[in-house]
Amino acid sequence: MKKPTFIILVLILAVIILSVIRTYVANNIATSGVILSDVEIQKAKLETENAILSEKLYTQTSLSEISKKAEKLGFSENKKNFAISGQRPVAFKQ
Amino acid sequence: MTWRHKFSLLAFLFIFLLVISRLFYWQVIKASELSAIGQLQYGTAIKIIPKRGEIKTSDNFPLATNKISYQIFANPKEVKNKELTARSLSSLLELDVASVSAQLALDKFWVPIQSGIGIDTKNKIENLNLTGIGFIEQYKRFYPEASVAAHLLGFVGKDENGTDKGYFGLEGYYDRLLRGEEGIATQVKDALGRPILAKLSTATGGSNGKNLILSVDRAIQFLAEQKLKNGIEKYGARGGMVGVMNPKNGEILALASFPTFDPRDYASYTEELFRNTFISDLYEPGSTFKPIIMSSALDLKVVTPETKCSICSGPISIGGFDIHTWNDKYYPNINMIETIQHSDNTGMVFVSQKLGLDKTILYLDKFGIGKNTGIDLQGEVSGVLKDKERWYQVDLATTAFGQGISITPIELLSAISSIANGGIRMEPHVVRAVENEDGSIVNIPPKPLVSPIKAETAKMMTEIMVNAVNKGEASWARLKGYRIAGKTGTASIPIAGHYDPNQTIASFVGFAPAEDPKFVMLIIVDRPTTSIYGAETAAPIFFDIARSLLTYFKVTPGSE
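Protein chains in written order, with this note's numbering: chain A, 1 to 94; chain B, 1 to 560.
Bound-form chain A, shown alone (with noise of 0.2 Å):
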């Protein structure tokens, strides 16, 4: 029986290829870790200030704000209400 030394010889090429990519692939993500300790800072900081932001805005367009400040301004209730009835024709059609 022939030996299948093409196939022998592709495999261990394999082998040594992807020995080597992964060594490479591992070299350069080994210190990533510190990186990824930047991002996730920046993200609970963003997170955070987000959150901060959104308490403030939420505050200041609270009705109970938005009528304090309107009291100061010197705003009052409208107590009479009035409506525009439609144009009366001319003259109605018979």
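Hint data in this document are derived by calculation from the structure and do not stem from the laboratory.
Being a predicted model, the structure only gives us computed values, none of them experimental.
For every residue, glycine included, the Cβ atom is placed at its ideal position computed from N, Cα and C.
Hints may contain errors.
What the hints assert, rightly or not - With a cut-off of at most 25 Å between alpha-carbon atoms, the simulated PhoX-like pairs for lysine-lysine come out as follows:
#	chain 1	residue 1	chain 2	residue 2
1	B	K51	A	K56
2	A	K45	B	K47
3	B	K67	B	K124
4	A	K43	B	K124
5	B	K51	B	K158
6	A	K79	B	K480
7	B	K229	A	K68
8	B	K124	A	K56
9	A	K69	B	K229
10	B	K554	A	K80
11	A	K45	B	K124
12	A	K80	B	K518
13	B	K210	A	K45
14	B	K67	A	K56
15	A	K56	B	K140
Stated by the list, open to error - The calculated label-pair distances, taken between Cβ atoms and stated as ranges, are:
#	chain 1	residue 1	chain 2	residue 2	range
16	A	K45	B	S91	24 to 32 Å
17	B	K30	A	N27	31 to 39 Å
18	B	K6	A	L18	52 to 60 Å
19	B	E181	A	K80	48 to 56 Å
20	B	G383	A	K79	32 to 40 Å
21	B	K165	A	K80	46 to 54 Å
Claimed, not checked - What the simulated footprint calls covered on chain B by chain A, stretch by stretch (three residues with Cβ under 8 Å from a Cβ of chain A suffice, anywhere in the stretch; the number is not a length):
#	stretch
22	56-69
23	139-151
24	218-225
Fit chain B to the known structure of chain A by using the hints.
For chain B alone, coordinates are given in the frame of chain A:
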């Protein structure tokens, strides 16, 4: 076998036994402890506290949300100058120096100093560069509209394990949805404590709480509360309530009770104030109950609007009790339209006699009297309708004008809304939709319950109530140009077997515009002092709010 061989064998056996016993000690007895230490070196298991869901009004504005706060803690073994640290912290946190010093004196690695501190205080403490002091970020319930809708919302307290738990109102009723589920995440780290990229943190289980989107309209809630509060002050009342509902789908647009509490500072109020009296307190509704009995009689056709009362020329004696009208004025041969217009008790006794006990009980049941309405708020109660055998003749008569029967305000609002909605009673509800964490929305559809009366009866009753507003005792306060259906109520308060002659529960219930109601509203004023009558206290508050609501709903005045 020589003695040397035997000795060597025994020596090896002994050594193996030692090794095996040591392995047993490590792998069985100390296994969990060592595993935990190993995990600590490998990574950190973090308990993920879910963010509690928001409660938003119909315009997507949060009435209850979360704000960031911090828990400050100390590692007493790392604190260098304990006296200086205690003094600095106590002045910034407004705590006793002694209590901070006592915490720092403990022989522990971690001691809590204070929870719920704001970002500004945290920054000030950080700028002091104190050693051994740290912060944990946490969320605290935040109410942008302060105490608005406090009874609707309830509050978030702690359970027996110290975890957040909702009490009363929506926080209580929807606690499981709002609180979410705790999760655990593992962050794998290298020897220097930095996260390893190839081994990302994995979270198991856990989800944030879901948001509730209410049918409550922020503007209506705000103005109803403001105007009710002003009314209570103006009429020198002990308290009051307002409920506004869309009769077509049962959506609650506003609900408030006074006195109230501030959910931010719930611990400084008595427990009595947490109860939402609109759904949890029973009261005798008085004349606001008359439309329910009258529409039942009209529906059965035992009376028509033109039927004349044959017993209304003076007080009526039933079972040893004399029944009078509220002002001791009597109108012989009064018809059913005028009976409601003048709020005539004798006319209602006539109606109850025509209706009979069996049919009264049947219709009260269909109107939902004596049953929970099913509103999605914690703490709803209902009165109990007596068994048929326990009704006396006088009970039937007094029930017709709303005395001797106890109901909750939400029961009355729900019953009257069926008149406004062409005879169909809808289940009242506060939550319109639930928003999941991924932003998807699950709508809660309106739920029709029962049709206590026919559509034509509802129309007839509406016209009778419009007439009562235009010509009745509260006509002075009505809004000209609008067709509003309504009824006043002045109910005496039962005290120790008799009715208090000087104190009343004044109320007004109605809906507008009569032909296509946008809202049904109930106002209750508890023990007003300037006047005991609903027509002079609750009615003006009702029309004051109604004017704003009609403008808000863009309903223009037309010809009456």
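Status of the hints after comparison with the structure:
Between the alpha carbons of K51/B and K56/A the distance comes to roughly 19 Å, so the proposed pair stays at or under 25 Å and holds. A hinted pair counts as satisfied when its Cα atoms are at most 25 Å apart, and K45/A with K47/B qualifies at roughly 20 Å. As the CA atoms of K67/B and K124/B are separated by approximately 19 Å, the hinted pair is consistent with the 25 Å bound. The straight-line distance between the Cα atoms of K43/A and K124/B is roughly 23 Å, inside the 25 Å bound, and the hint therefore holds.
The straight-line distance between the Cα atoms of K51/B and K158/B is roughly 15 Å, inside the 25 Å bound, and the hint therefore holds. The straight-line distance between the Cα atoms of K79/A and K480/B is roughly 13 Å, inside the 25 Å bound, and the hint therefore holds. With a CA separation close to 16 Å, the supplied pair K229/B and K68/A stays within the 25 Å bound. Taking the CA atoms of K124/B and K56/A, the gap is about 19 Å. The hint holds against a cut of 25 Å.
A C-alpha spacing of about 19 Å is found between K69/A and K229/B, which places the hinted pair at or below 25 Å, so the restraint holds. Between K554/B and K80/A the alpha-carbon distance is near 15 Å, which keeps this suggested pair within the 25 Å criterion. A threshold of 25 Å between alpha carbons decides the hint, and for K45/A with K124/B the separation of about 17 Å falls inside it, so the pair holds. Under the criterion of a C-alpha separation no larger than 25 Å, the hint pairing K80/A with K518/B is consistent with the structure, at around 20 Å.
The hinted pair formed by K210/B and K45/A meets the criterion: a straight-line CA distance of about 24 Å does not exceed 25 Å. Note on K67/B and K56/A: the hinted pairing holds, with a Cα-Cα distance of about 10 Å set against a maximum of 25 Å. Distance hint between K56/A and K140/B is fulfilled; the C-alpha atoms sit about 15 Å from each other, no more than 25 Å. The beta-carbon spacing between K45/A and S91/B, approximately 28 Å, falls within the hinted interval of 24 to 32 Å.
Separation of K30/B from N27/A is about 37 Å and conforms to the stated range, judged on CB atoms against 31 to 39 Å. A C-beta distance of roughly 56 Å is found between K6/B and L18/A, which places it inside the suggested range of 52 to 60 Å. A beta carbon spacing of about 54 Å between E181/B and K80/A agrees with the range 48 to 56 Å that was offered as a hint. Against the hinted window of 32 to 40 Å, the Cβ-Cβ separation of G383/B and K79/A comes to about 39 Å, which satisfies the hint.
Range check, K165/B to K80/A: Cβ separation about 48 Å, and the 46 to 54 Å hint holds. Interface restraint, the stretch 56-69 of chain B with chain A: holds (6 residues with C-beta to C-beta distance below 8 Å; minimum three). Counting residues of the stretch 139-151 of chain B whose beta carbon lies closer than 8 Å to any beta carbon of chain A gives 5, which meets the minimum of three for the stated coverage. Residue count for the stretch 218-225 of chain B with a Cβ under 8 Å from a Cβ of chain A: 3. That meets the three needed, and the coverage hint holds.
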